[in-house]
Amino acid sequence: MIRIEPRPAPPRLLTLGVPVLAALIALALAALPLAFAGADIATAYGEMFKGVFGSLFAFSEMLTRATPLIFTGLAAALAFRARLWNIGAEGQLYLGAMAAVAIGAGAIDAPAIILIPLIVILGAAAGAAGMAVPALLKTRFGADEVVTTLLLNFVILIFVQMMLEGPLKDPMGLGWPQSSPILDQGMLPTLIDRMRVHAGLILALIAAGIAQFMLARSVWGFRLRAVGENAAAACHAGIRVNRTLIGVALISGALAGLAGVGEVAGLKGYLTADLSPGFGYTGIVVAMLAGLSPVGVVIAALFIASVFVGADSMSRAMGVSSYLADLVVSMSLLCVLIGGFFARYRLVRAAKAPA
Amino acid sequence: MMDLLQILVSDSFWAASLRIATPLIFGVLGALLCEKSGVLNLGIEGIFAAGAMAGWMAVWLGAGLWGGVLVAALAGAFFGLIHAILTVPLGLSQHVSGLGVTLFATSVSYFIYRTALPNVTSPPRIEPFRALDIPLLSDLPFLGPVLFQQTALTWLALIMVALVWYVLNRTALGIAIQAVGDNPDSVDAQGLSVYGLRIGAVVAGSALMALGGAFLTMSAFDAFFFGMVNGRGWICIALVIFASWRPGKALLGALLFGAFDALQVRLQTEVGALVPGQVFLMAPYILSIIALVIAARKADYPRALLTPWFKGQR
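First to last, the protein sequences are chains A and B.
By the numbering used here, the letter at position 29 of the first sequence is numbered 29, and the numbering carries on one by one without gaps.
By the numbering used here, the letter at position 184 of the second sequence is numbered 1184, and the numbering carries on one by one without gaps.
Isolated chain A, as found in the complex (with noise of 0.2 Å):
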């Protein structure tokens, strides 16, 4: 006879490690679909390194991939916290997109100093406005953010379809749905000659810290936890629910907006309805490597786009289909929720109780 037993306190060292456990376990498990694809695996795995750390160039393209998956780790991981399911970051890295091109594709003329400041906000701003439609509609109606914010991600896809077909389209652009690019003066510069590493990943370890000191240390914090950990207990000592979840709606839409703002302000420089090859749900999984931390986000983030980084370049070397590296990702998620069970219980044999 098995019983499962919380542990009375999780051992640091589990917390910390379950997640690298799990990391490293998911990679391992890519060679069963390595092999099933036919490809040499050894060879495999060393395409893969050598895609993420064989030049400074590769190096560059992971971080600029691990750029956005900083900020919608970081809206995942802050809403979570809180119990506020926010599975719509897809939708709201798209509003803050469209509000980056809307604002900075020609609307304006103004130097950087104003014209990037205003880029940067305006993004946040619509996607913090994305987060809290369903966050009033869970607050007032009860209805589901899991399903809502699931639903507007469709929705808000289709909206950008229409906006590109329409009002924001090219006209320079031959027919293609996409947006006018941002001027130049509009774009985040980049960090290195002739990369394309930009200024949005410094921007995304600002937020990082900014997000582990407040949730650390600050009042709001402290309620946003307390919210999360026992809503009941939290409305019981007088702490307002229902505003302190709209509040992290609220940031948690602006960090996925700005994911959005980075992706077209840092990187391609207009929008097209693709940008985003899933950054808002892999900012899940990131979040969810994290165990939640914001610190441990930028970690996280930096090995999920390592894998992605790291598969594409061994993907066009060897011909074996690039989604592996979502397998990867996929995996990871899953071992970690097995590695976390395992850091916060334990089985314990046990004699068969009286009946």
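Just so you know, nobody snuck in bad clues.
If you want the footprint, here are the derived chain B segments under chain A, 3+ residues with CB under 8 Å: (1) 1082-1096; (2) 1105-1118; (3) 1230-1238; (4) 1282-1296.
Simulated from the structure, these hints should not be mistaken for lab results.
Where is the CB? At the ideal position from N, CA and C, for every residue including glycine.
The hints should help you fit chain B onto chain A, whose structure is shown.
Below, chain B without anything else, positioned relative to chain A:
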């Protein structure tokens, strides 16, 4: 206005409604079964994709149409089992585990499809289920086209509605499944296995969901496309709440949804010049959100939904 009336009385409109509703009927029933036992299954979106891919591929490899249906159901059951193990004995977050299963099932399906067919320009086609042709019945006016010229999978969906209703309300097993979603302690006190009931319900529900996916590749279309599920799974999760966890109302919800979708396609051709087409494409998702908001206030959730239960721990 006359046009609208003409649409609403035409047999092709109602036939299309039932056809569009079919994958949703499977999906809503599957989600309902899981949730009745106390487990939210957000793996549905990925399980749809897995069912669509597995069923299609089995037929493409020569398994026959019903072989494909079986393979799809087994694929759904497999991913459902993963979700069940994570959420029932391990008691992990049903939200996160479900999303994990969706990501996993989707990427497994895409990876296998891509690996089996590395460089195809147009997706290979199979011979899908044909419309039924029942002597006399199929020739009936109105009812013939609406009911008796559907494919066999639509009929399977309707039979499943009756079956799930019967099992849940008229059998001891069904009563136990409902009880385990409301009050697992009482089920345990009767010496029944909470784990067994919940795992069984999630696995069976996931197999049903996969049939919804199989309908897409084996009846609605004849090939597999990336992204073809397109949120249908999430719509099912909203419809379960709208249906207050009742199979009959689930059927009604799916049909209403199908009717609305069929209507918007027809309206699009009428007023397409005035309104951008995307407005119509958005409509189903917005409709689901509205349905959810209306139903949410008086939603009678299974009381133990989302609550893990551990043996020997009260």
